[in-house]
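Working from the sequences, and respecting the hints, build out all of it.
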Amino acid sequence: MAEVLVLVDSANGTVKKSTLELLTAARALGEPSAVVIGAPGTAAALTAKLAEYGAAKIYVAESPEVDDYLVAPKAEVLAQIASTATPAAILVASTAENKEIAARTAFKLDSGFLADAVEISATGSTKQSIFGGAVTVTSKVAKGVPVISLRANSVAATAEPAAGEEVAVTVTLSDAAKSSKVLERVEEAKGSRPSLQDASVIVSGGRGVGSGENFSVVEQVADSIGAAVGASRAATDAGWVPHQMQVGQTGVTVSPQLYIALGISGAIQHRAGMQTSKTIVAVNKDPEAPIFELADFGVVGDLFTVAPQLADEVSKRKG
Amino acid sequence: MNIVVLMKQVPDTYAERKLQAADNTLDRDASDAVINEIDEYAIEEGLLLKEAHGGEVTILTMGPDRATESLRKALSMGADKAVHVLDDALHGSCAITTAKVLAKALATIEYDLVIAGSEATDSRLSVIPALVAEALGTAQLSGARKVTVEGSTVTIERATDTGFDRIQGTSPAVVSVVEKINEPRYPSFKGIMAAKSKPVTTLTLADLGIAADEVGLAASTTTVESFEEAPPRAAGTVVKDEGAGGSAIAEYLANKKLI
Ligand SMILES: Cc1cc2nc3c(=O)[nH]c(=O)nc-3n(C[C@H](O)[C@H](O)[C@H](O)COP(=O)(O)OP(=O)(O)OC[C@H]3O[C@@H](n4cnc5c(N)ncnc54)[C@H](O)[C@@H]3O)c2cc1C
Ligand SMILES: Nc1ncnc2c1ncn2[C@@H]1O[C@H](COP(=O)(O)O)[C@@H](O)[C@H]1O
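The listed protein sequences derive, respectively, from chains A and B.
Just so you know, we're using this note's numbering here: the first sequence kicks off at 1 and counts up by one.
Just so you know, we're using this note's numbering here: the second sequence kicks off at 1 and counts up by one.
Just so you know, these hints were derived from the structure itself, not from any lab.
Since the structure is predicted, the reported quantities are computational estimates derived from the model, not experimental observations.
Misleading hints may appear alongside valid ones.
[Claimed, not checked] Here are the simulated lysine-lysine pairs, DSSO-like style, with alpha carbons at most 27 Å apart:
{"#": "1", "chain 1": "A", "residue 1": "K16", "chain 2": "A", "residue 2": "K127"}
{"#": "2", "chain 1": "A", "residue 1": "K140", "chain 2": "B", "residue 2": "K18"}
{"#": "3", "chain 1": "A", "residue 1": "K17", "chain 2": "B", "residue 2": "K257"}
{"#": "4", "chain 1": "A", "residue 1": "K178", "chain 2": "A", "residue 2": "K108"}
{"#": "5", "chain 1": "A", "residue 1": "K316", "chain 2": "B", "residue 2": "K256"}
{"#": "6", "chain 1": "B", "residue 1": "K256", "chain 2": "A", "residue 2": "K285"}
{"#": "7", "chain 1": "A", "residue 1": "K278", "chain 2": "A", "residue 2": "K16"}
Structure follows, in structure tokens:
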């Protein structure tokens with residue numbers, strides 16, 4: 001059976017949920033091979049989990065250099081592995097960086113890249129949701145190895161233990177791959193909540209929240225459900241919360257099981273980033289707010305009374 | 001410092017967008033067309049850098065005939081000239097082809113920096129800047145919320161999941177910008193008048209030395225096999241809070257087994 005390369009995302013020694021979803025999706029296409037690209041020592045903490053979720057092989061491409069430059073090294077390594085493994089497909093999770101890696105890999109392999117799939121069939125064709133969810137297209141890569149990015153939460157990750165045989169890959173980077181140097185990575189405040197990209201539930205606040213301190217109302221609801229916290233651009237621009245919490249066209253595009261919008265009007269650029277959420281709940285004091293056109297369940301009211309009650313009620317039901 | 005801004009004309013996101021059944025491509029005539037919103041920020045950044053460092057701003061677009069309207073608007077904001085890659089054979093080109101064509105067109109212009117938007121509202125790919133950097137073999141400085149140029153060194157702040165990265169490259173580099181970076185200017189009356197006489201060069205595939213069968217729908221690396229309108233979202237329930245709005249949401253979520 002042909003291999004299917006899965007680019008592994010991890011944070012602090014833990015495999016991201018989106019990677020486990022990819023390993024699950026990969027089984028329909030062939031035999032999953034995980035690809036770990038990172039600084040020396042990255043793979044050790046990840047291999048057990050990768051094997052548990054079906055990685056028959058784990059390519060370990062470790063080098064002190066790969067993380068020192070943006071995107072290009074990973075594309076080069078992925079293309080290099082693909083040229084010998086001749087995989088049936090290459091899968092990455094849909095994040096900004098991974099899409100760039102995937103596109104550059106496809107360029108090098110003279111094949112095609114399909115972005116933001118929500119479904120991958122056994123033949124390698126994909127479904128994508130476009131125009132803010134109004135249209136679903138079925139696409140395929142016309143030549144070469146299909147390189148596909150899959151949206152988080154498109155499939156449910158299930159364990160299916162496999163051998164997880166490690167294959168060491170020697171990394172030698174071209175000069176071109178070293179043209180964008182990472183001078184520093186700055187971590188801005190980050191709590192213990194799930195990351196937006198991966199979360200199956202997201203609670204977002206907008207201008208209606210009114211201030212940074214008031215965001216505790218949004219966080220309270222999020223923590224009661226175990227959700228990630230998001231925001232509209234109005235809230236990130238005002239500096240109430242960091243910009244990486246922005247959901248929307250120029251922020252993160254999410255597709256969680258549940259999206260709760262508190263004090264967000266539902267501008268088209270915000271909708272572009274959350275419209276394909278499975279269930280949408282909105283609280284807004286303006287009955288005319290466009291967010292209600294999308295909402296499966298909406299409450300016209302003041303978020304400062306509705307949200308705390310919701311958080312209390314959820315906590316109570318959890319017992 | 002000479003700057004090329006990559007600008008794409010896209011259907012207005014406020015209008016209904018459609019694919020055409022004949023070849024499953026975007027119907028670019030069906031709705032109003034505008035400058036891709038984020039590309040206005042790219043143009044603004046180009047103009048700001050020109051004001052600080054001197055040089056010229058050239059707008060480069062690949063798109064159908066009507067993209068000239070958008071080029072004129074970009075020129076009225078203050079760009080100096082424009083290059084329009086225009087050829088019917090380009091219809092249906094995939095991202096990789098588009099990047100290759102843009103790279104070829106860039107070779108006809110003298111530049112130190114390429115600035116693009118981070119994402120087009122029609123394709124929503126966010127990969128053209130990375131692909132252009134790949135095609136040119138230059139630095140990819142994408143997702144910038146801040147750009148600093150010192151001599152031939154270009155440094156950006158790239159927003160990430162957990163904060164930001166500071167990334168540095170040497171010109172000629174490809175930068176893409178997010179909307180946090182600036183506030184685009186409106187064209188002035190003087191700018192609009194001046195734009196009418198600014199040069200727009202049209203390049204065909206022949207001018208770029210590209211064969212027609214290397215581009216377009218037939219050569220696309222990806223194919224849309226079919227499409228369907230997604231069933232409209234079932235109308236939801238909207239209730240007015242009369243003291244139990246929060247509990248009503250909890251009840252709804254519990255019924256759907258979401259909590
Ligand atoms: C190029 C570009 C890119 C953009 N990208 C994004 C993006 O990625 N993400 C994004 O979100 N936006 C984006 N925007 C901005 C977008 O157009 C909107 O301005 C923004 O989404 C508005 O945020 P909001 O809904 O929080 O604020 P508003 O539109 O001001 O809405 C606030 C809402 O809160 C309600 N409200 C107020 N007080 C209360 C209360 N006490 N209780 C309940 N409800 C209350 C009001 O009725 C109102 O509906 C972009 C814009 C541009 C031009
Ligand atoms: N046909 C095109 N002509 C010029 N620039 C383009 C074209 N397509 C994409 N771009 C640039 O690339 C950016 C990202 O586009 P995309 O990768 O399609 O989301 C846009 O914001 C533009 O700056």
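Exercise for the section: Output the numbers, in ascending order, of every earlier hint that fails for this structure. Expected result: Hints that this structure does not satisfy do not exist here, as all of them hold.
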